[in-house]
Amino acid sequence: MKPWEVLFASVLLVSPAMTQDTAALRAARLRFGQAATRAVANFRSADSIEERLRAQGSTLHPALISLRLRIESALDKAEAALGKGDLKAAGEQIKMAEGMLDKFAHKLGGD
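Quick note on the working numbering: the sequence shown kicks off at 1 and runs consecutively.
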């Protein structure tokens, strides 16, 4: 075999794995984007509720504020993991954020 034939054969062998990695990364980014979008929508609702509560001399429950911070942290960690190509860590953080978002939305009375 000529050197270029060996190179071409090795590229063909590596390509499916690279395509799968790219597809997995794309899927993880999509899932992250969906979770982040949902978080923003819920946070805006919470901000609106908080404004009304302040006008009445009240505030959001501290547990809700804490949950929001934990969601933000999980999404930040997921984004950092995606930037490093660490799909396992990103997936774990996204899953955590999604679970906390379910609780957050339930406490707000939505979703």
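Any given hint might turn out to be false.
Lysine to aspartate or glutamate pairs mimicking EDC-like chemistry, simulated, CA-CA at most 16 Å apart [unchecked claim]: (1) Lys107 <-> Asp21; (2) Lys77 <-> Asp47; (3) Lys107 <-> Glu92; (4) Lys103 <-> Glu72; (5) Lys77 <-> Glu51; (6) Lys88 <-> Asp47; (7) Lys95 <-> Glu72; (8) Lys77 <-> Glu92; (9) Lys84 <-> Asp21; (10) Lys88 <-> Asp102; (11) Lys107 <-> Asp47.
Think of the hints as simulated: they come from the structure by calculation, not from any bench.
In this text the structure is predicted, and so the values were computed from the model without any measurement.
Evaluation of the provided hints:
1. Lys107 <-> Asp21: Roughly 37 Å separates the two Cα atoms, so the pair is violated.
2. Lys77 <-> Asp47: The hint is violated at about 23 Å.
3. Lys107 <-> Glu92: Cα-Cα ~23 Å, so violated.
4. Lys103 <-> Glu72: 14 Å, holds
5. Lys77 <-> Glu51: Not OK: Lys77 and Glu51 at ~29 Å, beyond 16 Å, violated.
6. Lys88 <-> Asp47: 32 Å, violated
7. Lys95 <-> Glu72: This hinted pair holds, its Cα atoms lying about 13 Å apart.
8. Lys77 <-> Glu92: 10 Å, holds
9. Lys84 <-> Asp21: 13 Å, holds
10. Lys88 <-> Asp102: 21 Å, violated
11. Lys107 <-> Asp47: Holds - the C-alpha atoms of Asp47 and Lys107 are around 14 Å apart, at most 16 Å.
Violated hints for the displayed structure, listed by number in ascending order: 1, 2, 3, 5, 6, 10.
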